[in-house]
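In order, the protein sequence lines correspond to chains A and B.
1 is the number of the first residue of the first sequence in this note's numbering; add one for each residue after it.
1001 is the number of the first residue of the second sequence in this note's numbering; add one for each residue after it.
Take these hints with a grain of salt, some might be off.
Label-pair ranges, simulated between beta-carbon atoms [to be verified]: (1) M1067(B) with L215(A): 34 to 42 angstroms; (2) S1031(B) with E137(A): 25 to 33 angstroms; (3) N1064(B) with L134(A): 39 to 47 angstroms; (4) S1031(B) with N170(A): 50 to 58 angstroms; (5) E1069(B) with D33(A): 19 to 27 angstroms; (6) F106(A) with N1064(B): 41 to 49 angstroms.
No lab work stands behind these hints, which were simulated from the structure alone.
We put the CB at the ideal spot given by N, CA and C, even for glycine.
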Amino acid sequence: MKRKRFFIILLLLCLRIYSQESFYEIEYTINLDKLYESAKKKRDNGNLQLFDITAKTAKSISLVLLISDNISIFKERKGIMIDGHEGVETLVRAYSYEGGWMYDDFSKKLIFINSYQGKNYFVDKKLQIRNWKLTNETKTILGYKCNKATYIRTDVSNKGNNEVTAWYTNDIKMPFGPANYAGQLPGIILELDELIVVYKATSIKKIGKFKIERLKEKDIITEKQYKKEGDKVMEFYKKSN
Amino acid sequence: MKKLFLAVVTVVAFSNFSVVADEKVNVSFSSCEDQAFDAVETYYDNSSEDNGFTAGLIFEYVYNRCMNE
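Bound conformation, chain B alone (with noise of 0.2 angstroms):
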């Protein structure tokens, strides 16, 4: 009974953690894109150069080093 009780609580508790986990992915995910189309949006309002390049790395290094955190 008490073993039963015990892989009950075991099979909650790590279902409650993937969730969470799961949840904490998705939001870091969404804000490392929002800080990186930010950083972007920063770049294009101070610039009179229209560069793709500029602005793809831009975003490549915000957004990895964001994720990286």
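For reference, chain A alone in the conformation it holds in the complex (with noise of 0.2 angstroms):
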């Protein structure tokens, strides 16, 4: 009986222990330059100079995950605007991660956070584990052995199903990643390829313990409320144009 209490002590203690060195800081760069690819192959000459300078100013914004146990979260660091342009980070947001990302592994529950003229709304999206195809093909990022998986997604517009590429580490076994990635993989998503953006780590550190606080439940609201909400932005535009 005792040794039985010792090892169940000593099984807390140890996760403890590999609980406080659970606390990560990556930072990743975004690329849209194939925005700019996909408004020529469309010969939407129109955007062409504007996806342009969507894409430049993409190489500017700094993205951050940050991870405290269980729990991760996806934002952005403020960015460096080309003078004359401001504003187009709005552009750079909405054709890539659109929003914060929180992630509770703990719960598996996916949140995203957005803000509209001055309102917040936490969103509940269901996680869902895509078909990943996880391949044997390696690469080094960052010091980390990493290991490609694929799946192939289907947009909103369904023209297409199109490939999307992650490239996770086995070093560090935590299913975050940048943008609605999380939940997804056995580890950290250091570079991810999707249709027409690129995220990619350029540093990770191990930071000292901090606590991401959870959302109240009664901030959360459903996808289908969201989605309400959001096609009445919309509509709005479409009617008054």
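Taking the hints as your guide, dock the two standalone chains into a single complex.
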């Protein structure tokens, strides 16, 4: 009995030590060069110049993934704008991560954080595990051995299936990643290639203990509620122009 | 006579100018709207999210920027 108790205490201590080491700050850059290419392909000449500026602006924006034990938050650091084009960051955000992302691996809850006209929205995104194909292909990113995983994504317009590639590391066995790519793979995603956006980790820091406050249930809305509100916004623009 | 001629020329010139200006505004309005909708379409072609707020922001930004150019 005493031995059993000893092992339980030892196990709890080990878990505590392990959890104390699970605080990370990972910085990512964003590349939107393919946005310009997509406009060129579509012969969307009206937006070519604007998308070129958007892609250039994206290079100055830095994103950060903060991990505190079982919770991660993905958000932007303040970007540096190109003179005379303030506001283009709106487009960088819109064509890539869209807002902040919080993931609680304990409850498997993925929350999308957005604000519109001064109102904050916390949306329960209902985590969907994608059909990933894990491969043996490897490469090293920032000294971490990474494995390649792919899956076929269907986009809103449903114009075709598109392959997404993620490079994740088993050296940090935590299921976190940029944007809505949390809760997907066994290790942290250090590079993610979506159709027009590429996220690349530029630094990985182990940091001191800090806490990410869990959101209150009453503040979280369903995806259906959020979509209803969002559709009203788009309808407004359609009607007023 | 000379004054009358000048007055007629001025009226004709101004009326032509306003037609040209109206046409220009109409063309610009329509092309800015098209440009904004093309930008929204690019979002839907490349996103797994169906977010009306994002689509609205793209429309607003591209349209206003085009109109101010």
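Verification of the supplied hints:
no.: 1; hint: M1067(B) with L215(A): 34 to 42 angstroms; result: holds, 38 angstroms
no.: 2; hint: S1031(B) with E137(A): 25 to 33 angstroms; result: violated, 46 angstroms
no.: 3; hint: N1064(B) with L134(A): 39 to 47 angstroms; result: holds, 45 angstroms
no.: 4; hint: S1031(B) with N170(A): 50 to 58 angstroms; result: holds, 52 angstroms
no.: 5; hint: E1069(B) with D33(A): 19 to 27 angstroms; result: holds, 23 angstroms
no.: 6; hint: F106(A) with N1064(B): 41 to 49 angstroms; result: holds, 43 angstroms
Of the hints listed earlier, the one the structure fails to meet is number 2.
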